[in-house]
Every structure is written in C-alpha cells, then in structure tokens.
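Line by line, the protein sequences are chains A and B. For the first sequence, the positions run 1 to 159 when the working numbering is used. For the second sequence, the positions run 160 to 916 when the working numbering is used.
Just so you know, the hints here were simulated from the structure itself, not pulled from any lab data. Hints are not guaranteed to be accurate.
[To be verified] Calculated lysine-lysine pairs in the PhoX-like style (CA-CA distance at most 25 Å, straight line):
#: 1; chain 1: B; residue 1: K627; chain 2: B; residue 2: K786
#: 2; chain 1: A; residue 1: K127; chain 2: B; residue 2: K854
#: 3; chain 1: A; residue 1: K127; chain 2: B; residue 2: K786
[Stated by the list, open to error] Computed far set for chain A versus chain B, every beta-carbon distance over 10 Å:
#: 4; residue: G56
#: 5; residue: V64
#: 6; residue: A114
#: 7; residue: G152
Think of the CB as a built atom: it goes at the ideal place given N, C-alpha and C, for glycine as much as any other residue.
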Amino acid sequence: MKKKLVHLTVNEEYHELYISPRKLLVEILRDELDLTGTKRGCSTGSCGACTILLDGAAVKSCSVLAVQVDGAKVTTVEGLADGAGLTPLQLSFLDHGAFQCGFCTSGMLMSATAFLNEDPVSEDIKKGIQGNICRCTGYNSILRAIRAVAEGKYEDEGR
Amino acid sequence: MKKHTYTVINTPIHNIDGIAKITGRAEYTFDITLPRMLHGKILRSPYPHGEIIHIDTSKAERLKGVKAVLTGKDTLGRKQGIWRRFKELCDEEILARDKVRYIGEPVATVAAVDEDTAEEALDLIEVEYNALPGAFEPLEAIKEGAPQLHEHAERNINVTRHIEWGDVDEGFKKADYVREDWFRCSSQAHVCMETHCAVADYTPEGKLTVYTSTQSHYYIKVLLAEILGLRENDVRVISRYTGGGFGSKFELDSAQFCCSILSMKLCQPVKIVLTREEEFSATKRRTPMFYYIRSGVKKDGAFLAKEARVFTEGGAYTAMGATALYLTGFFQSFPYVWPSYRYDGYRVYTNTAPTSAMRGFGAPQATFCAETQIDLIADELGIDPIDIRRKNAMYPGYEVPGQATIQSCGLGQCLDKIDDWIKSRGKLPPNRGIGVSAYGFMSGGIFNWFDTPYAFSSAVLQINIDGKVDLFVGSQDMGQGSNTTMAMICAEELGVKVEDIRLHMGDTETCPVDLGAWGSRETLMQGNAVKMAASKAKQQILEFATAKLAPNIVYDLDIKDGWIHLIARPERGLSFYDVVKEAIRGKDGQPIIARGHYTPHRKGMISPAYSFGVQAIEADVNPDTGKITLKNCVTAHDCGQVINPLGVEGQLEGAIAMAAGYGFTEDLPMDEGKILNPNLVDYMLLRATEMPETKVMEVETYEPEGPFGAKEAGEGLTNPTAGALGNAVFHATGISIKNLPITPEKVLNALKEKKNK
Numbered sequence: 001m002k003k004k005l006v007h008l009t010v011n012e013e014y015h016e017l018y019i020s021p022r023k024l025l026v027e028i029l030r031d032e033l034d035l036t037g038t039k040r041g042c043s044t045g046s047c048g049a050c051t052i053l054l055d056g057a058a059v060k061s062c063s064v065l066a067v068q069v070d071g072a073k074v075t076t077v078e079g080l081a082d083g084a085g086l087t088p089l090q091l092s093f094l095d096h097g098a099f100q101c102g103f104c105t106s107g108m109l110m111s112a113t114a115f116l117n118e119d120p121v122s123e124d125i126k127k128g129i130q131g132n133i134c135r136c137t138g139y140n141s142i143l144r145a146i147r148a149v150a151e152g153k154y155e156d157e158g159r
Numbered sequence: 160m161k162k163h164t165y166t167v168i169n170t171p172i173h174n175i176d177g178i179a180k181i182t183g184r185a186e187y188t189f190d191i192t193l194p195r196m197l198h199g200k201i202l203r204s205p206y207p208h209g210e211i212i213h214i215d216t217s218k219a220e221r222l223k224g225v226k227a228v229l230t231g232k233d234t235l236g237r238k239q240g241i242w243r244r245f246k247e248l249c250d251e252e253i254l255a256r257d258k259v260r261y262i263g264e265p266v267a268t269v270a271a272v273d274e275d276t277a278e279e280a281l282d283l284i285e286v287e288y289n290a291l292p293g294a295f296e297p298l299e300a301i302k303e304g305a306p307q308l309h310e311h312a313e314r315n316i317n318v319t320r321h322i323e324w325g326d327v328d329e330g331f332k333k334a335d336y337v338r339e340d341w342f343r344c345s346s347q348a349h350v351c352m353e354t355h356c357a358v359a360d361y362t363p364e365g366k367l368t369v370y371t372s373t374q375s376h377y378y379i380k381v382l383l384a385e386i387l388g389l390r391e392n393d394v395r396v397i398s399r400y401t402g403g404g405f406g407s408k409f410e411l412d413s414a415q416f417c418c419s420i421l422s423m424k425l426c427q428p429v430k431i432v433l434t435r436e437e438e439f440s441a442t443k444r445r446t447p448m449f450y451y452i453r454s455g456v457k458k459d460g461a462f463l464a465k466e467a468r469v470f471t472e473g474g475a476y477t478a479m480g481a482t483a484l485y486l487t488g489f490f491q492s493f494p495y496v497w498p499s500y501r502y503d504g505y506r507v508y509t510n511t512a513p514t515s516a517m518r519g520f521g522a523p524q525a526t527f528c529a530e531t532q533i534d535l536i537a538d539e540l541g542i543d544p545i546d547i548r549r550k551n552a553m554y555p556g557y558e559v560p561g562q563a564t565i566q567s568c569g570l571g572q573c574l575d576k577i578d579d580w581i582k583s584r585g586k587l588p589p590n591r592g593i594g595v596s597a598y599g600f601m602s603g604g605i606f607n608w609f610d611t612p613y614a615f616s617s618a619v620l621q622i623n624i625d626g627k628v629d630l631f632v633g634s635q636d637m638g639q640g641s642n643t644t645m646a647m648i649c650a651e652e653l654g655v656k657v658e659d660i661r662l663h664m665g666d667t668e669t670c671p672v673d674l675g676a677w678g679s680r681e682t683l684m685q686g687n688a689v690k691m692a693a694s695k696a697k698q699q700i701l702e703f704a705t706a707k708l709a710p711n712i713v714y715d716l717d718i719k720d721g722w723i724h725l726i727a728r729p730e731r732g733l734s735f736y737d738v739v740k741e742a743i744r745g746k747d748g749q750p751i752i753a754r755g756h757y758t759p760h761r762k763g764m765i766s767p768a769y770s771f772g773v774q775a776i777e778a779d780v781n782p783d784t785g786k787i788t789l790k791n792c793v794t795a796h797d798c799g800q801v802i803n804p805l806g807v808e809g810q811l812e813g814a815i816a817m818a819a820g821y822g823f824t825e826d827l828p829m830d831e832g833k834i835l836n837p838n839l840v841d842y843m844l845l846r847a848t849e850m851p852e853t854k855v856m857e858v859e860t861y862e863p864e865g866p867f868g869a870k871e872a873g874e875g876l877t878n879p880t881a882g883a884l885g886n887a888v889f890h891a892t893g894i895s896i897k898n899l900p901i902t903p904e905k906v907l908n909a910l911k912e913k914k915n916k
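For reference, chain A alone in the conformation it holds in the complex (with noise of 0.2 Å):
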C-alpha cells in the first residue's frame, strides 16, 4: 500500500511522517517516535492502555488510524511533564500508590487528566477512568489519586 505523508505535532514537537495508511497511531507513536510510554493491552478498543490526549481529549489511539489524525495536537504520557518535573496528578499517584505493574499506568494517566482537566465532580470520576482496566489495584487507589487533584489537594505541588 502506498504511503502517506502525515503531520503529526506530538507533546509540541512537530513531525511530519511517510505512513502506511493501515497504521494506527498507537502504532506510529510507539514505532515510528519510541514513544513506548504508550501501551497496548488489547485490539478490540477495551483496555485503554493506549489512552492519549487527541487536541485534549482522551482518546484510546488503537481505534484510530494515524492518517485519519493529519495535523492533531497529540499528548503522550511521556509529555505530561518537562523534564524531570511531574504533574500534581502524577505526584498524587506516587503517593496514593495507585499503580502496581504499571503498564495500564498511563493510560489512566491520559484519561484522568483530560477529565480533570474539564472540571470534574467526584462522583464522576469513576465514568472518567471507566475505560481504562486495571487488573491490579482494584481501582479505588486510583480514584483517591484523582480525588486529591480534583479537591485542589496538589494545586502547588506539580515540579
């Protein structure tokens, strides 16, 4: 199949890529822009280990093509930050330890923040991270992790 040109900007670095039209982002970002923070736990759109920030929105970036995106704003867990800095959500999971493998870790990640991001009430946030299977810790660490950052528990702590 013939490639096709495609302008991604991901965590706001502009790139312009030469894809097979089959791929799908997930694919290109792990592939193509070793962006491997990025995982996949499944290829029916259930797990949403591969939730990403598509224009600010979660989106689980297995179910789209990478050509159907042309010109997104992409954000990956990998650019949540700068640097060695964290975000408050990412602090909050450290202390809450809302993680045990990890693997499902960013994508819970990506989806908590753009739902934080839209102001949420607690009683929402478990809709907000319904998407997103974790077979570890049994949800509630997490949910306390988000909690704190919705209650304004973290407001001066990102570094």
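Place chain B on chain A using the hints.
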C-alpha cells in the same frame, strides 16, 4: 507481642519504581527493540484433539520477508514441565510434534521482518490433522472408555492427592448434623495487562539472552536451557518490569520458547508478543473444580469431621495444576480446627487449555465451597455466622496434624472486628445482605518439585564508599511491590534510608537465585535473605564503629537512620557514611560485601507461616433482574507486621477486584474446548464503576518466621470474596448458589425455583 520501633518498616513509602512507571519510562519486555530484530508469530491448533499427519511450510517459507518457519520436528523433542522431580508430570512439548490436545496448542512458528508478514505466513502453513474425539469435562473424561489424551494416563487421571488426619468415620458417627453439597468452581483468566511476550537474542558464541515478562527469571532460565539443550548458565533471562503475573508467568511459555528456537536458528533477535486473544485461549488459567463436601458438626456448631472430594479440569497438560490440587485440599480445611479431615483430589486431563496457578492457587475454590457450606450449616442450626466461625477458628500454636504448625494467628481479632462492623450496619433494607468469609493463606511454599539445588532465596549486598548500598535480589516484582519491600527491609536492618539502597533485580546473570514471585513467597523468603545479608554487613560496620567509639564493653551498638550509636546512649555515635569510608579503607580498599539466604527447614508440608482474615461483603440483589450490586467490602486482615502500608492496601484492594470478578462476572465458557469469549469485550472483569467501597482493618501480629514479623499480604485476599459474595446473596434472598460465577441468570432461576416450592 513484642513492641518494636522502626524507622522504615510500617511507613508508607513511595514505590521505588514509581517514577519510572508514572512517566512512561519503565521499559517492559513489550517495549524492547533490538538491532536487526525480527518478529515472530505462532500457528496454533484449531482442533481440541488430533494427530498431526503432515505440516507443509514451503509456501510460508517462500513469502517475501519470512526468515524462518519451524515446527516441532525442528526441536529436540523434549517434554518439559515445572514439576521436574516427577518425569511423568513433565508432559508438554510446547511445539507439538505428533499430537495436539487443546485448541490453541502451538504447532509451528514463524520469524519475519514484521508482524504483518509473520501473520500472513501463518496462513500459508498447511497442516493436515486427523481429528480425534475429545474429552472436555473432568467427570466425563475420567470414565472408562473416554478419549484418552496421554498414553501414560489411564482414565485421564493426571495426579491424585490424599490428605487425612483424625478418625473421620468416628467423627461423622458423633455428629448431630451432617450436610453434603456439590459445588462447581469456574475458570478465570489472569488478564495481565502486558500479555506474555519475549525477545530472544542468540549469538554465535552459543549464548542465549531472553528478555521476558515473567514471575521467575530463574525458572525460565533452567527450563529453557533444558528444553534447548544448552548449559544452564549460557542462558540469561532478563525481566526488569513485568506487566502483571497473577500466577500466569512462572512457567515456560510459547512466546519464550518459540522466539528462542527462531533466534537460535537465525542468530538474530526475535520478538514474540501474544495477542489478547491468544492470551485468553492459549495460555494457562484458573483450575475449574467440581467439589463434593460432607461435614459433620455438633448441635452447638462445633466441627467434628469433614470429607472432601474434588475433580479438577486439568486441561491438556500438568503445568502447576498438581500444586493447585494439593493446596485446594489443604485450604479446604482452613482456617478452622477440624478434628478429623479426609481429602481426595483427582486432576483429570481434558482437551482444553491447561489449567494451572492463579492468585490463590486452588484456595479461592476451596474457600468458596467451604464458606458457603458453613453458612448453610449455621443457618440450619440457628447459629450466627460469626459465632460458628469463632467457635472453630484456628489459634496461635495450633498444629494441623501432619501438615502445618500455625505460629502467629490473628483470626480471632479479625472475627471480632468484622462482627463489630456488621453490628454497626444496623437493620438492612430489603434485598440486601451481608455475607462473611474467613480465610488464610501460605507465606511461600516449602515444596521443591522444581528440584532446585539452590537456597529458595538469596541476596547479595555491597556497601560502596559513599554509603550507597547495592542490593542484589532474585525476587521478581510483577507489580506487587517486592522491590520496594526488599529495599525497605534492607534499609531497616542496616539502619539507613530507602534512598541509600540501589536495587538490582530481574537478571539471572547478575542476581542470585530466588524461586520467584508465586505462592506469596517474596516478603517472607526473599525478605529473610535480604535481612540476613543486611545484618551481616551491619556487623562488619559495627566492628569498625566499636573500635572507633571505644565504649565500655557493656554497651552495644545499633544503626538507625544513618546514625551508628550506643543503644543505651543514642546521642553518642558516628555517621554511618563516615564509618563506611574508613571501614573500606581498613579492608584494604574492599567494599563491604555480605550474603544472605533462606530455605525453610522442618516447617511442615506447606509453608513456614500463614496469613489470616475475615471479609464481609454487603450487596444488593435485584429480585426482578437478578443483578448483584456490591455496596461495601470490609476486610480484617492479619499479615503479621505490615512492611509498607501503601503496598499492602493496594494488594488487598486489587485482590478484591479480581476475586469479586471470580465471584460474579468472570468466566470462560467453552464449546468442545473452544473458549467463547477470548477478548475484553465479552470477558467481563470489573471496571472502576463496579468497585465497591473497600475498607481494610489491619490486625497486627508478630510472625516469628517472617522478617520483622511479616507474612503474606495480598494473594490470600483472593480467597474469601466469592464465598462472602455468595453468602451476602444468601442472606439477602435465602438462595444459595453453588455454581460460580453467581450470575443474574443463576440468581433469577434460583429465585423462581424457591417461589415454586
């Protein structure tokens, strides 16, 4: 109980791998790419039972981009298994040569320039089978005349186990009330978020390096060397981050084996990642069990005699199923005092994907059946569910005849705490019930079916000139947090900060042997080895410090938080970091090195120590739809001394989610050996919206066998939930479901049946 003051133990410490994980920098096997790396795929049998007549790989080999196509004929044809002490139980070839025994069994493997090409090549491999009739249900497969899977196993009996103590027949004679029940416990998939995967890199020097997602790099090294005909230490297994295990990743798997043989053929790295569908249909899973239990009790609820028989669906190969068969029998009696007990277990080969270890290891099945029956007995005799458990509960110092000695045991306190919580709930609304279940679990197995000549756990420690401690462990962190636990144990014993520890793990070339993360063994076993190494290193430092401080000989020294001091006069001391510099100089420039190891001796048949607990679940049952909604899940838990509260909390909540799934949503329905829901759309595990509020109440005991008094925390918690859930349904509706999972359909049918009676 002894009182201890700790500076590190029992403080919530950030996971030492945390920053790598929350920034996406943690490199899992799934993320590894090596120069010149090829991608492999595995062709699997579409038949549950059949002879392989012929495999033609020529078309696949001609496809552009394909580098190698291998079948069982290209291997040494060795059978392997993790029960190495028993040859007949090493029954799995991994790449079948003559016969396939389950849908999904590997028959060929391809390496190509990319995954798509490898996938395409699979379609070009022509396999001619002679399909054979299959045996699918253990109760059918064990009958005379059923299709036989293995030549050596008549009536498909793979393993049998017998456990007995006391006079069971006499016990039943004395009983005022005898009850018998049949139960069916379903299968369950582990669903690790990182599927099984491996990258093999064989070089012309004859050395094989395998990066893989595993719970035991030591087992994988030994098993690979054996099946490939390599010297044990010419195989190096590396596993830095493992994306979940839950019991599915300590046996040799098809990804590890196939990419190894492909790499050995091509002298090029090869990566294989199983798809989610392969993961569901062709990797191992929780053992389904058919349980018969007969119990005899006195009018006042005192237990007298119990008889249990189980038939387990073994699937096509032994795997770790032999251990599950023993443990389910032992834990069927747990955590109670049964004066007499008789267990007979039969593991039956079937033409289904092999069943094996999964978190709880046979105990969740046993606990579900036992705890369901105990509530039925209590109901029949008019005794409160807590009271009947309290009356028969194990206690510190109890000896399970011929099996185990219980040292620490906080079961009584757990029952009290749960009793208080239930009472605090007051009167419940209609169609709501609270069910309880008591449980216990082992802190590492003492059995050595693997036949290792090494200590079960070892640790090596080196203190460098700046006081930084290199700690080398063989344990595997698959998410349960053992890396942090080991760093904490080391820091506490040595008297330094967790930040002073640099942990090395997950590499057979640099780390000492540990049997791996299974059977809840790391905290106690690897923890003891780490503590011993740290203690020996500390002695070396204290010798120098004592010489320097020159105290009156009646004073002894300790180190806390980097301060070496007289215990009786803590203000009189020296900096650990200063003493280390001088000690190394004093040792002619040698860093301080110490080793530790642990192997249980004379600790019974099962484990050196046991966790205990009681769980209560409050649930609503909708009488119109049969739908169960979890409201609260409260657990009182005795894991000895808590090492990291943050880690224990996470383990407990995670176990609840997995075990609740086992109780009412997760199942692997099959049709003639074909799993019908091999994807995350149809396999229903709990989502965040379905999780109940969880509350954990720690009951601290001191376990003399564990490091700082610690024991198992997290696997045992998978045991009670299905039973507590079933009992909640029973108390809400009066119906008792003895067939897992407790689905709305089963609840509705039972409600209808009850109404018609």
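Exercise. Mind listing which of the numbered hints don't hold for this structure, in increasing order?
Key: 1
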